[in-house]
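Trainee: For the record, the sequence lines run as chains A, B and C. Per our numbering, residue 1 is the first one in the first sequence, and the count goes up by one each step. Per our numbering, residue 1001 is the first one in the second sequence, and the count goes up by one each step. Per our numbering, residue 2001 is the first one in the third sequence, and the count goes up by one each step.
Bear in mind the hints are in silico, worked out from the structure with no lab data behind them. You may find that some hints are simply not true.
Under the rule of at most 25 Å between Cα atoms (straight-line distance), these lysine to aspartate or glutamate pairs were calculated in the DMTMM-like manner [unchecked claim]:
id, chain 1, residue 1, chain 2, residue 2
1, C, K2079, A, E137
2, C, K2079, A, D149
3, C, K2079, A, E152
4, C, K2359, A, D159
5, A, K158, C, E2362
6, C, K2079, A, D150
Being a predicted model, the structure only gives us computed values, none of them experimental.
Next come the chains, spelled out residue by residue.
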Amino acid sequence: MSELAPAQEADAGPEDTGPTPVFGHPTTLSRGQLCVHPDRDSYAALVRALRDDGYQMCVDLTAVDYLGHPGRALPPGVQAERFEVVVNLLSYTPARRLRVRVQVPEPDPRIASLYEIHPAVDTQERETYDMFGIVFEGHPDLSRILMPDDWEGHPLRKDYGIGRIPVQFKGAPPPR
Amino acid sequence: MGLEQLQYNFLTAKVEDLVKWARRNSVWPATFGLACCAIEMMATGAAHFDLGRFGMEVFRASPRQADLMIVAGRVSQKMAPVLRNVYDQMVEPKWVISMGVCASSGGMFNNYAIVQGVDQVVPVDVYSPGCPPGPETLMHSILTLHEMIRTGEITRRRADTGAGAELRLDRPVAVATPK
Amino acid sequence: MSAPPATDLNEELRVGTCGVDALRSPAAVLRLPHLPEGVEQQPTADHTMIINMGPQHPSTHGVLRVMMELDGETVVATKPVIGYLHTGMEKTGEELTYIQGPTNVTRMDYISPFHNELVFALATEKLLGIEVPPRAMWIRMMLCELNRMSSHCVWMATNGMDLGAVSMMIYGFRERELILAFFEKCSGLRMNHNYIRPGGVAADLPDGWRDDVKHILEVIPKRLAEYDQLLTGQPIFHERTQGVGVITAEECLALGITGPILRSTGLAWDLRREMPYLAYDDLDFDVIAGTYGDTFDRFAVRLNEIRESVKIVQQCMDRMPKGDYRVQDKKVTPPPRARIDESMEALIHHFKIFTEGFKVPEGEVYVAVESPRGELGCYLVADGTAKPYRMHIRGPSFVNLQALPHMMRGGLLADAVAIISTVDPIMGEVDR
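This is chain A alone, in the form it adopts within the complex (with noise of 0.2 Å):
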């Protein structure tokens, strides 16, 4: 069935708490697609349980940067951080998708690695240190990716500008 069906209770505000818990953690729900918050210490073994479930691909890892929108929906109970890990998750049989966001704190931004559970996250994890300064306690070589190992900042953080050069007719700064 086509991903681009009108959309449906949706419409009704920006997130909709999910019907049910998956593996006892809050969800939600958002344009139709299924989120689990858990928190950090029940990370890993979630994602295991969800590979154990069906879950065989993990599709994407990254993070996001709350830093200028601290108001974003979530389900009670679950405690907004500066920074939030997302994962996608994909599974074969029957084809579905899901997604795991957890919260972690600027003052200590370490999360468990899912290296042993899904090794493709990998060189994604890397990515997400390098442009975030999240550590993946347990990923065997986090070093950076993208930019030169001596460089200094994470430049994905939304307090690291997008370091601009003025030019003539556009030297106005960037609005954020």
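Following the hints, complete the assembly by docking chains B and C onto the known chain A.
Mentor: Same frame as chain A, but now just chains B and C:
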């Protein structure tokens, strides 16, 4: 023996013309395709647009055997030292065409990651605009380079400015400080 | 899960009998000096040496650098080093409005730009909750399939050249020129079109497009038969590709590999069939799957995918619906240029959309399409303003490169080039 050191008289003018003719009709490019422009560069070398008619279809992998470096694509901070390294390995006379807006000025990526113009790293002879420049634009820039070789404008300029050989690069070029 | 001791694993690595579990051990990753604290360094054995390939190299498909640990001519371990084309596109995406977004995203996978634009447009439309008209959907499908054909032609060209069949380079680009000429008529550009935008497509198909597409569909199958003659049955090609770079379906799932690599192992997973987007569930086409998961299978999968795309484009041409080429929502789609002279409201909408952009309600969404390299996904977080709060593109080549160490292990140095080529990495989407 460079052309610059020749005493100017009738015979050496003919020799000079011969050398310039040889130089411009067999410019061998080095493979320095980085991004989207590289695909257009390959298309220019392929059958429809055919660089072979200029004697340029041999893209030499080794910079020692190449005359021309067509910097095709955006140069990132990590790539800038590599670019300079490859340029330094090329033997004189060597030329650089900066293909595409990203190589000429940073293009649409005015940010922390892209060097805002490869002329910060290597001296450029011809700038080719476009995103990506079509094969006709690239051929026009190549013919412009040939014209510059023919009139000797390039060799005269090199003697004056030192050909960018004074530029030293010990670490990646930082364009703007973050924050 | 405990890791086996390092020396035993090296033996296993050399012989090439390790399965999926070896992928999960830390010893599977080649490490280099200058590591952060706390990561232990694995000493290399005395008789091996580490050599460097790239980033400027004719066969690395762009600026990919591969560090290889060799024992004679046998590759023991590999580490792809990337980042030489990092452009900060995800950061740039946060500074551009949703209508400017496709210009940025299209330059990631620059060989199949329509797919990048498509995934970004689909993610934006999902956040907006709008549906594009049927004609826009079918135009998008047709152009994406033509793009798949041109991308696979480039792949066959570079693959042939890497393996030594240099004339293949010329043939592949010859086909591509036909398709690019058509793209230039549609969108104005040969590459990096910015044609598929949130709300539909930028402009309607040009007059006489059926003749152009018909010509393309007549010429390409005949040329594919020529390539069959040139490559598919040829013994040298078989020697160089059969049994080289073997990967199993289990390993692909563990490493997150999608696309022709996954399909060559026998698992016929194609997002156009399993999780259809646009109108792919309305079309009749086959998903090509291989058997052995080696380089030859991947060549065969891609060659036949061109044939399937020909079928799809034929159906699109026959069944192209009439109607609007973009959604008629005034807040999202700019008005036609002619109306700007007539109506003040149209002028204001045009101005607002192109300077400020349209606002997208809060939410986050992940949308994926099947690009010629695999699953191309876009994770978009909107915060109610006119610019994305976070735009992340899941590039298939970025994840597929993780297969490189595994495929090269135990093989010869000469096969390394064939394996890099068969993974078909596009560094624009690897580094973003």
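Trainee: All the hints need checking, so say for each whether the structure fits it.
Mentor: Evaluation of the provided hints:
1. K2079/C <-> E137/A: Holds - the C-alpha atoms of E137/A and K2079/C are around 21 Å apart, at most 25 Å.
2. K2079/C <-> D149/A: Between K2079/C and D149/A the Cα gap is close to 15 Å, so the pair holds against 25 Å.
3. K2079/C <-> E152/A: Status holds; Cα separation ~23 Å.
4. K2359/C <-> D159/A: holds, 23 Å
5. K158/A <-> E2362/C: holds, 18 Å
6. K2079/C <-> D150/A: holds, 19 Å
When held up to the earlier numbered hints, the structure conflicts with none and fits them all.
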